[in-house]
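Given chain P, work out where chain F should sit, using these hints.
One line per chain: the protein sequences are P and F, in this order. Residues in the first sequence are numbered from 855 upward in steps of one, following the working numbering. Residues in the second sequence are numbered from 855 upward in steps of one, following the working numbering.
It is worth saying that the hints were derived from the structure and are not from the lab. Since this is a predicted model, take the numbers as computed values, not measurements. Cβ atoms here follow ideal geometry from the backbone N, Cα and C, with glycine treated the same way. Don't take every hint at face value.
[Stated by the list, open to error] Label pairs and their calculated CB-CB ranges:
{"no.": "1", "chain 1": "P", "residue 1": "D873", "chain 2": "F", "residue 2": "A856", "range": "30 to 40 Å"}
{"no.": "2", "chain 1": "F", "residue 1": "W1029", "chain 2": "P", "residue 2": "K1295", "range": "40 to 50 Å"}
{"no.": "3", "chain 1": "P", "residue 1": "I1073", "chain 2": "F", "residue 2": "P865", "range": "30 to 40 Å"}
{"no.": "4", "chain 1": "P", "residue 1": "Q868", "chain 2": "F", "residue 2": "K976", "range": "50 to 60 Å"}
{"no.": "5", "chain 1": "P", "residue 1": "D1013", "chain 2": "F", "residue 2": "N985", "range": "54 to 64 Å"}
2 protein chains.
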Amino acid sequence: MAEISLYHPYPAAQVATWDYETDVAVIGFGAAGACAAIEAADAGARVMLFERGSGSGGASALSGGEIYIGGGGGSDAQRAAGFEDSTEDFAAYLKAAGGPCADEEKCDLYARESLAHYAWLKSQGVPYRGNYLPGKHIEPTDDSTLIWSGSEAAAPFCDIAKPAPRGHVIAHMGWGGGRPLVDILESRARDLGVDVVSDARAVALVQDGDRVVGVVVRIDNQPRFVKATNGVILCTGGFVFNDEMRRRYCPETFKINSPIGDQDDGSGIELGVGAGGDAIHMDQFFTTCPWTMPEPQAHGVFVNRAGQRFINEDCYHGRVSRCALDQPGEGVYLLLDIAHFDQPLEMAGMTIAGTGDSWEEVEGELGMAPGTLSATMAFYNVHAREGRDPLFDKKPPILTPLDQGPFVALELNFATSYFSFFTLGGLRTSTDGEVMGRDGKPVSGLFAAGRCTSGLPAWGHGYSSGFSLADCTFFGRQAGRKAAAG
Amino acid sequence: MAEISLYHPYPAAQVATWDYETDVAVIGFGAAGACAAIEAADAGARVMLFERGSGSGGASALSGGEIYIGGGGGSDAQRAAGFEDSTEDFAAYLKAAGGPCADEEKCDLYARESLAHYAWLKSQGVPYRGNYLPGKHIEPTDDSTLIWSGSEAAAPFCDIAKPAPRGHVIAHMGWGGGRPLVDILESRARDLGVDVVSDARAVALVQDGDRVVGVVVRIDNQPRFVKATNGVILCTGGFVFNDEMRRRYCPETFKINSPIGDQDDGSGIELGVGAGGDAIHMDQFFTTCPWTMPEPQAHGVFVNRAGQRFINEDCYHGRVSRCALDQPGEGVYLLLDIAHFDQPLEMAGMTIAGTGDSWEEVEGELGMAPGTLSATMAFYNVHAREGRDPLFDKKPPILTPLDQGPFVALELNFATSYFSFFTLGGLRTSTDGEVMGRDGKPVSGLFAAGRCTSGLPAWGHGYSSGFSLADCTFFGRQAGRKAAAG
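Bound-form chain P, shown alone:
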């Protein structure tokens, strides 16, 4: 018997008995896997879905259930709140947010199809209240539908594409809409006859020549051979819990310490590369520290250890956090005056590093040279009073003078504050979810979606909330349809 390995496909010729036979085998039961299964089943394929855990969820169920949607004139929620949103602006924003890693074809396709995707989500039973919640939120604090979820209204993005709020959130009271979102998708998949097998870990692909024809799953500690006539769809998540992979491909993440995911060990990426797939942008990751809460803190100013600002703080909290990590040293400081200070979230692990009745005093407490932080804040305040930020183009209403002492500097320490993160690099896929080989051709019979691929959320510095679920659900569907078609 050939070796069963994540790294090398198992030769079909050596499969003695197929334990299962199906048209489409989906690996992983997060949002990507659920959507792939739904579409494949809807197209008439027999679908088996294998999940290594005991139930559905994946990283999707840990999320806020927020999906990035817009374009086409605007969704119901966007239009009701007075926001127009063109497909062109939507696509332009997606591309800018993908930075040097953007997959322009995926951006264009998703911008065109986003409203239809929203309608599809509703048709699966995902509820949306339809209203807009103003302000700056990480997730809605109530059951609202629409929030600003990225850097749309902030420089430089607002100069590239007309901004609109596009974070569409399942009707769910408070944080954590990801769980009910996956529950609804699971229920829909089961209704369509998807055969769900839990506690079943994919350990190898089966290949016949260049074509993937099945997968080996470990069930009850035994390898089971699954024949998948039309194809295998990998929806296994990223590699944030695989330290070896992080070290080889994404070592910057060792600066920070709060991985988010659900057994995201990169196994799907290994399976895909072993079968001839290409893994791209493996150095990219999302990170954020919840520094915008309580709300007054969103008015704060960030400086690095040289007392310099480095970002327009009105952009997305994740972009601020990712740019913070680029600063030299062990952390950055969030500066607040008494009018904007509140007890930081305990979870955030932000500590008070300095206080004072003047910025000069804070500067001294932080051990910075006189004329560094204090000069930065004097410059900032002069212009904030005029409603402008000549350095980074931060805009009102977040732009307010911080000149009412006493003052405080909160430290966001890379090692000890809560910088949650997950990986963004993964298999290169076509807009139809085909895994692409390094030769630029699809790997026959192999598909993938979600964070085991590089998709809409390609670039850590440009991430917006809702990108990953948009990518998972939409390109999961694409993969499901394509695989079902054989």
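Quick look at chain F alone, frame taken from chain P:
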């Protein structure tokens, strides 16, 4: 007949006739390939070396012929100039310079073996004059042996490891010592009976099960099958001339525009990955703009478009350049006063963006808000007069006040100035030059060295001149010996 492809090994069972048979096949005739061939032949193996160009050279021949050497108390040249250098400090510097990408085993081994490697280079006929050239140089302007070639004496590296100059350069008048270095190595390889075949491009590996047993080379537009009983050594360089690979793995390089290399199209990386090898740190690249010449310019101060400093300008020119690329916008400015201004190198493509009798005037000419650049320079000058730099710890003698007007700001524009670059990511190899699979095991029969691997120069922000040739020559030798041993 199976397909001949960079991306998939050719099955040995389908080779009708072997056109050549050898013990060790080396692919690529730069310094890495030459050293691999020499060691393999020296160990008694039959060696064939295939080079796609018409002669030896590769990117090595375009270099300064500088090799990073030290430790063990110091080389002859180091000691003659009064520099001690411990193996511990050497290893610590190599690791710091590798940043999050450092391969600690390679750093430790090379630090221990560096002086023996230097002796070996001499024994191959590489001449060294043995003297030290003080100052800050990209390459020696004469035929000197030893220069400061990295950020050893600059923060933060000088606080991590006791600094010493370690750039050891072949005796060669002026720039361009790489060509004579490769010539000497070529001559040595030929003397040892290495069978060199030029105009022969490797187009596929041949695998028998998991073992690489040969290579397909294209000669006179025909595929030729080369049986390599003991192994194949890939020494094919990086992927700086492969735009598709750059886009997938290293897209930051599209900001800049002057790739350096010799047909470095990543083919060896593709061959290695196709055979089961792992490619790591593919996002990393070296870049530099020759801003330290003429010499007075080395005293300049860099600011970004916000008028902020971002680096201690006394560190290595490549580190300064790489950190410059991290700044927002299209470029950075090098600020000089009349005492330190000279006509910049035409090659550098640096243009005068602003002038003035005061820094306030320069600031205005650059369109910066009052109190940005001028405040930065006032702060800098106050402390430079005291011989210190509280922000970035730049040190004398490069640290001098810039307060004698008139003043000038030279723009280093990412798109139009000369930012030369090459890629640093590549195959993961053991300290013996074995290509390592994603499963952590060597790919049997496959070896690699030089820029088709990730080696000592792993991290763009920490590169020092001489890292790449040290890596090529030393780990090329390692691979040659290991392959010869079968």
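Hints the structure fails to honour: Every hint satisfied by this model.
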